[in-house]
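One line per chain: the protein sequences are A and B, in this order.
Those letters in the first sequence? Residues 1 to 173, by the numbering used here.
Those letters in the second sequence? Residues 1 to 242, by the numbering used here.
Note that these hints are calculated values from the structure, not bench results.
Please read all numbers here as calculations on a predicted model, not as lab measurements.
Hints may be right or wrong, so weigh each one.
Stretch by stretch, here's where chain B covers chain A in the computed footprint (C-beta under 8 angstroms, at least three residues) [stated by the list, open to error]:
id, region
1, 51 to 63
2, 114 to 124
Examples of chain A residues lying across from chain B (beta carbon under 7 angstroms, computed) [as the list claims (entries may be wrong)]:
id, residue
3, 26
4, 86
5, 87
6, 131
7, 132
Virtual Cβ for every residue (Gly too), placed ideally from N, Cα, C.
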Amino acid sequence: MAYHLLQRDRGGAQGLSDALAHALQTIRHCNKCNTFTEDDVCARCMSTHRDPSLLCVVETPVDMNMMEQTLSYRGLYYVLMGKISPLDGVSARSLGLDRLLARALDGVIKEVVLATNYTNEGEATAHYIAAMLRPKGVTVTRIARGVPVGGELEYVDSGTLAQALRERKTCLG
Amino acid sequence: MNLRSKVDGQPAYVLHTYPFRETSLIVEVFSRDFGRMALLARGARRPRSAIRGLLMAFQPLEIGWAGKGEVLTLMKAEWQGGQPLLAGEALFCGYYLNELLINLLPREDAHERLFASYAHMLGRLADDPAGKVREADLRSFEKALLQELGYGLTLNHDSAGLPIDPEAFYTYRMEQGPVRLEHDEAAAQVFIGQTLLDLAAEDFANPRSRHESKALMRTLMAYYLAGKELETRRIFKELQEL
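Isolated chain B (complex conformation) (with noise of 0.2 angstroms):
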């Protein structure tokens, strides 16, 4: 029996929707038992639909689709309420995950708690307009991402498995984690011990391990993101800009 075939009562966030046909949808969902899926909304574009306005992105739903192949059709979708719209720069955030998870999750793998890391950062985002919490959050939310994906990050030691020194001086490589620079050795981009163990313990409060761990997860995503350059901090670049 292929358990995906029919799914009733289904935790799921919408991630995108692409129009298809003349009145339907292709949704594109991250569920919680099923990953990331494209279900077919049949005549969700109609005036009159009654998931027409469901179907938003950063609202928890509950769903159910049935069907064979590879786009399954979305039977059912309920609002499950309690979470504030996105708003402001909050809602740019939000489109950031949504980005990354299009493109670095493949379809249909579950991953449940990569699912409730999301679900958090979007309660964290709707319920903080001020958005101070936001960049521990969102850089979080990347270690979670690429712990799941199996590109774990290795935080507290370094390639050649001694523990991390605070004051040392590192460079990451890629799958082979942090390298100790010697006194004058150059690297094209350089972290202090402090900022490995600050990202490992998720503690961003001192503004250097803020900065530096930013600046490594933005390699880190580049890299895993095989140069795909990203809409979102386009946008984010656009509006700081302003």
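With the rest of the complex left out, here is chain A (with noise of 0.2 angstroms):
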């Protein structure tokens, strides 16, 4: 790409380059829920629409997008920008946790709901945010897994169908 753009495209190249310096220039992370954004609180945290007692946590934005797609889920959100992960040297500490801990003691928030990835990291980061916020007084509530909407038995992995078994629920009414 480097040498298409210098050999023959080199207004797109000027035009990629202010793109990127603009980027850097003016794209900073929101006060409250930590996401990319131009202002200091993004719009979705100023909007009036949400339910602001209603947090739900998760790992980056692109998981937020997700969130925001299922039409379901009217509160608002923390971005972590990424996950514990203790082999790779990632702590609490580095992640910033204590912002999210303010953030959810604004008296306002009632329940946090983690959606963090299910993979190992994710359920430790999940694990350590339950921890840090229930002697707080906040209800912490963790997004379900098991098989997909949809799905056929036959088609799902072992390994979600084995989860989906162990986390089984009482049928009601």
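Could you fit the two chains together into a complex? Lean on the hints.
This is the structure in structure tokens:
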């Protein structure tokens, strides 16, 4: 790509370079949810149509977009921009979880929904956040896992099915 | 014929994965017959990769690899199942085991007994969400690890060859073992004889033995890790300070 731009599309290269420079200068982290934004507080956090008592914790801005696509969640977010990974040397401190703590204790938030990934690192992060928030009187919940919607058992991987079996629920009503 | 160049159906656990290039992973595994190995999992980070969700630490797998050179290519991974995923504090204990293995176990050195003890330990962690047996288990794994690496502990007799007196006081010198302390003798770390005997028998019912065994193991691990601080221990501390 570098050779192509230099040889055949110098205008495009300039445009790309300007766009990157502009992004680097103007894009920062939202003061409330920590996602990327050009303002101090992003439009989503400013919205008056959202439920300010719900806070969903996700690992990345992409995960936040996925949650938004469900059209099922109307609360606010906190984007960690990473996950706790002991073997990569990422601890709670380096992830800045104290900022999440301050955010969750704003007095308005009643429930924190942990939507970190269902990987070991995501689970470790969720455990840490739950241990951090529970003593402070905030309700902490974790998104469920199991067989995908429309999923046929025949095609579900055994690990998922085994976990779904372990986390089975009583049928009500 | 190079035995390691084509292997199939090998019981193994993933210890850690590192991203490699755009879509691949370097997978650090602990295999039963070949010990710790680095394998290249091509395309494992592609969204629809069949093994993407399989290469998770703490889950029993059967893997196959092929190739030459230092890093071999992972050809196959099959989930063996039956073991719940680690959660909560047990997960952090699991990370601790993996960090010890990554830092202390030389590559491609078979340790079948240690593999069995690791598998057993993960099973215990997975089945014990209340965290009752964890401390004792961690100690016996640390002991097994040192034994396998050839740094076996001397716990039944002191440096002079005399049996350990449960009531006497000892200090532990590296490569030498327990050294009996005289009445007024001071040492950086002092253990009562009973602790050494309990650690030898892996009986951690006595709180003092439990406490002192932990201190002794920590000193030994720090010595063999040559000053490297474990990340998992740092996170454990952060977690306890909450």
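Consistency of the hints with the structure:
Interface restraint, the region 51 to 63 of chain A with chain B: violated (0 residues with C-beta to C-beta distance below 8 angstroms; minimum three). Counting residues of the region 114 to 124 of chain A whose beta carbon lies closer than 8 angstroms to any beta carbon of chain B gives 4, which reaches the threshold of three, so the coverage claim holds. At its closest, the beta carbon of residue 26 of chain A sits 28 angstroms from a beta carbon of chain B; the interface hint therefore is violated under the 7 angstroms criterion. Restraint check, residue 86 of chain A versus chain B: the minimum CB separation of about 4 angstroms is within 7 angstroms; hint holds.
Given the 7 angstroms rule on beta carbons, the hint for residue 87 of chain A holds: about 5 angstroms separates it from the nearest Cβ of chain B. Interface restraint check for residue 131 of chain A: the shortest CB-CB distance to chain B comes to about 5 angstroms, inside 7 angstroms, so the restraint holds. At a threshold of 7 angstroms, the smallest CB-CB gap from residue 132 of chain A to chain B is about 5 angstroms, leaving the interface hint in force.
Hints 1 and 3 from the list above are not met by this structure, while the remaining hints are.
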